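Visitor: This is what each chain is made of:
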Amino acid sequence: MAETINEVKFSDAGMAEIQRYISHYPEGRQKSAILPIMHVAQAEFGCWLSPQVMDKIAEILNIQPIEVYEVATFYTMFNLKPVGKHVLEVCRTGPCCLRGADQMIDMIKEKLNIEEGETTADGMFTLKPVECLASCGTGPMLQVRETYYENLDSEEKLDQFLETLRNTEVETPYHQK
Amino acid sequence: MGIKILTEHINVPGIETLEVYRKHGGYRSVEKALKTMTPDEVVEEVKTSGLRGRGGAGFPTGMKWSFLAKPEGIPRYLVCNADESEPGTFKDRVFMQKNPHALIEGMITSSYALGANTSYIYIRGELMFVLRILEKAIAEAYAAGLLGKNILGSGYDLDLHVAPGGGAYICGEETALLESLEGKRGNPRNKPPFPAVKGLFASPTVVNNVESIASVPWIVNNGGAEYAKIGIGRSTGTKLISASGNINNPGVYEIELGVPVEEFIYSDEYCGGIWKGKQLKAVVPGGSSVPILPANLILKTAAGEDRLMSYESLSDGGFISGSMLGSGAFIVFDEDQCIVRNTWNYARFYHHESCGQCSPCREGTGWMEKVLHRIEYGHGHQQDIDLLVSVAKQIEGNTICPLGDAAAWPVASAIRHFREEFEWHIRHPKEATLPGAVYRGQLAEITA
Chain R
1 MAETINEVKF SDAGMAEIQR YISHYPEGRQ KSAILPIMHV AQAEFGCWLS PQVMDKIAEI
61 LNIQPIEVYE VATFYTMFNL KPVGKHVLEV CRTGPCCLRG ADQMIDMIKE KLNIEEGETT
121 ADGMFTLKPV ECLASCGTGP MLQVRETYYE NLDSEEKLDQ FLETLRNTEV ETPYHQK
Chain U
1 MGIKILTEHI NVPGIETLEV YRKHGGYRSV EKALKTMTPD EVVEEVKTSG LRGRGGAGFP
61 TGMKWSFLAK PEGIPRYLVC NADESEPGTF KDRVFMQKNP HALIEGMITS SYALGANTSY
121 IYIRGELMFV LRILEKAIAE AYAAGLLGKN ILGSGYDLDL HVAPGGGAYI CGEETALLES
181 LEGKRGNPRN KPPFPAVKGL FASPTVVNNV ESIASVPWIV NNGGAEYAKI GIGRSTGTKL
241 ISASGNINNP GVYEIELGVP VEEFIYSDEY CGGIWKGKQL KAVVPGGSSV PILPANLILK
301 TAAGEDRLMS YESLSDGGFI SGSMLGSGAF IVFDEDQCIV RNTWNYARFY HHESCGQCSP
361 CREGTGWMEK VLHRIEYGHG HQQDIDLLVS VAKQIEGNTI CPLGDAAAWP VASAIRHFRE
421 EFEWHIRHPK EATLPGAVYR GQLAEITA
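As given, the protein sequences belong to chains R and U, one line each in that order. Sequence positions in the first sequence follow the numbering used here and run 1 to 177. Sequence positions in the second sequence follow the numbering used here and run 1 to 448.
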């Protein structure tokens with residue numbers, strides 16, 4: 001974790017992405033790019049926004065840090081404390097529950113020995129139940145970074161998925177352009 | 001098989017690329033509109049079509065467009081609402097993922113009609129993988145001269161951008177969406193002024209759903225009158241329905257408005273019947289925010305006629321015996337599903353997603369969630385049912401945006417139609433909290 005704002009450095013690809021987003025808005029409206037920039041920041045800095053990272057975003061946008069904090073605390077996608085390598089965002093809303101999401105969440109808790117919001121001791125997984133992910137026809141499902149994993153309706157499928165994830169490196173999508 | 005306006009080519013391999021999309025007639029509406037029609041003529045065709053907003057409210061799209069203020073020297077904006085967060089709704093996500101150019105074509109034609117030179121697709125943040133598909137398609141469109149300066153030599157300029165949200169259901173409400181697009185918390189704005197007068201960056205703005213915008217190219221190509229011939233009554237055209245829950249074939253279906261609900265549930269062309277051979281218990285026909293209907297009322301209207309998949313038929317009987325088409329999210333419950341648990345689940349959703357700006361919603365949604373939780377987990381009191389009805393009434397209509405109504409209706413309708421199930425949970429706390437427990441009349445008699 002960076003200790004000061006000066007130690008927070010976006011990669012070249014990340015800065016290019018940030019500048020591209022800022023260019024989408026009229027002169028003087030650069031704050032509009034704050035949400036996309038937060039997504040870039042999470043992708044670059046371990047899937048969470050430290051105060052130093054948020055201060056850096058404020059510096060880039062030439063706004064007050066409080067303006068970043070108040071946005072970051074409103075939206076559920078932004079993690080404000082460290083999380084595991086893979087954040088399991090499990091949909092727990094009605095339609096998914098009709099097809100077994102509750103049972104899947106219970107299985108994940110048991111298999112990883114963590115409760116909702118917790119991270120495994122090895123830092124590999126964080127369990128984060130979320131509200132509807134627009135995948136109601138293919139529930140139960142969950143999201144890891146930018147990928148949907150759907151129809152996880154059996155213990156075998158869940159075991160296979162977790163094992164695959166253990167051996168998967170985190171990728172930053174816009175770096176691959 | 002009815003006519004397919006939006007999904008005719010959706011499963012063609014490579015349709016997400018400009019080359020294949022154009023081979024199947026893509027971007028003809030841009031050519032036609034920009035080269036042979038005035039913006040007002042495009043607006044008139046959309047008015048004639050009778051197209052109603054597909055995001056849930058069902059307001060006539062052409063009329064909404066005609067409200068747009070046009071002061072000189074001030075930019076106008078078209079914003080596509082792709083913040084699809086209503087539980088049960090996944091049609092826009094599937095559509096954009098599979099056929100991104102269809103939305104882009106609609107954005108160009110619609111922006112031209114509205115006189116917008118910069119437009120945005122605001123997409124929910126969870127759908128970053130769809131954002132990248134859209135951005136790739138937009139880059140192709142720029143390279144082909146379909147976006148940018150002097151599109152197809154017409155003299156019309158348009159820049160199109162995709163903006164991700166950050167995970168907040170409330171940003172599906174148009175003014176909250178605009179706040180979010182401006183980089184702020186997604187708190188809804190007071191209306192008036194309406195976005196058509198003072199929207200994005202304080203400029204006149206139209207906010208339309210993905211499906212609404214994607215319907216415009218067909219209307220331009222074929223004429224509004226042809227579109228109006230499809231469907232039934234004031235429910236013209238086709239509609240994407242996302243079907244989920246306890247059915248054999250969950251998925252997104254394009255239907256001609258007016259298909260009987262019974263046919264939609266049981267025919268193999270659509271939902272394929274209730275899974276595992278079970279009985280139908282209830283349906284939420286238009287997304288989690290609309291009233292739930294028990295099996296008998298979802299199949300027949302108050303007048304005893306077949307209920308149809310249309311704005312009018314689904315709302316027949318008002319909220320006493322009807323519901324809403326809403327966003328077209330059709331959630332089916334089989335006989336083994338517990339209405340109390342489901343209602344608690346939605347109450348938790350709305351509590352979680354309330355932006356906290358209005359007290360009735362901020363406090364009321366949490367209150368409903370707590371009461372429902374204690375009923376579901378065997379600690380309910382008989383008076384809790386009336387308390388829930390009272391809280392729902394106090395939220396409904398007393399908030400800046402419709403999220404208050406959206407939170408109140410599922411609770412009020414569940415109690416209206418399944419009150420005995422709530423009473424059973426309270427009278428039989430031990431049985432009610434068993435895994436998979438669900439009320440049945442017979443069980444209540446045995447254990448009473």
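To be clear, the hints were calculated from the coordinates, so they are not data collected in a lab. Fair warning: this is a prediction, and the values are worked out from it, not measured in the lab. Just so you know, even glycine gets a beta-carbon here, dropped at the ideal spot from N, CA and C. Be a bit skeptical, because a hint or two may be false.
Taking CB as the label site, the calculated pair distances span [unchecked claim]:
#  : chain 1 : residue 1 : chain 2 : residue 2 : range
1  : R       : E155      : U       : S267      : 46 to 52 angstroms
2  : R       : Q64       : U       : D336      : 49 to 55 angstroms
3  : U       : L152      : R       : E156      : 51 to 57 angstroms
4  : U       : E19       : R       : K157      : 35 to 41 angstroms
5  : U       : D157      : R       : N151      : 40 to 46 angstroms
6  : R       : E110      : U       : F129      : 28 to 34 angstroms
7  : U       : A69       : R       : T168      : 46 to 52 angstroms
8  : R       : D122      : U       : S154      : 36 to 42 angstroms
9  : U       : P71       : R       : E27       : 17 to 23 angstroms
10 : R       : E116      : U       : A143      : 54 to 60 angstroms
11 : R       : E163      : U       : F129      : 20 to 26 angstroms
12 : R       : P65       : U       : A57       : 33 to 39 angstroms
Visitor: Using the Cβ atoms, figure out if D157 (chain U) sits within 40 to 46 angstroms of N151 (chain R).
Guide: Hint holds: Cβ distance 45 angstroms, inside 40 to 46 angstroms.
Visitor: Does the Cβ pair L152 (chain U), E156 (chain R) satisfy 51 to 57 angstroms?
Guide: For L152 (chain U) and E156 (chain R) the Cβ distance comes to about 53 angstroms; the hint holds.
Visitor: In this structure, is the beta-carbon distance linking E110 (chain R) and F129 (chain U) contained in 28 to 34 angstroms?
Guide: 29 angstroms Cβ-Cβ, so the 28 to 34 angstroms window holds.
Visitor: Using the C-beta atoms of A69 (chain U) and T168 (chain R), is the stated range 46 to 52 angstroms upheld?
Guide: holds (51 angstroms)
Visitor: Evaluate the given range 20 to 26 angstroms for the C-beta pair formed by E163 (chain R) and F129 (chain U).
Guide: holds (22 angstroms)
Visitor: Given a hint of 17 to 23 angstroms, does the C-beta separation of P71 (chain U) and E27 (chain R) actually sit inside it?
Guide: holds (20 angstroms)
Visitor: Between Q64 (chain R) and D336 (chain U), is the Cβ distance one that fits in 49 to 55 angstroms?
Guide: Given about 54 angstroms between the Cβ atoms, the range holds.
Visitor: Range hint 46 to 52 angstroms: satisfied by the CB atoms of E155 (chain R) and S267 (chain U)?
Guide: Once the Cβ atoms are compared, 33 angstroms apart, the range 46 to 52 angstroms for S267 (chain U) and E155 (chain R) is violated.
Visitor: Measuring from beta carbon to beta carbon, are E116 (chain R) and A143 (chain U) in 54 to 60 angstroms?
Guide: violated (46 angstroms)
Visitor: Using the C-beta atoms of P65 (chain R) and A57 (chain U), is the stated range 33 to 39 angstroms upheld?
Guide: holds (38 angstroms)
Visitor: Go ahead and decide if the range 36 to 42 angstroms is satisfied by the Cβ distance of D122 (chain R) to S154 (chain U).
Guide: violated (59 angstroms)
Visitor: How does the Cβ-Cβ distance of E19 (chain U) and K157 (chain R) compare with 35 to 41 angstroms: does it lie in that range?
Guide: holds (36 angstroms)
Checked against the numbered hints listed earlier, the structure breaks hints 1, 8, 10; every other hint is satisfied.
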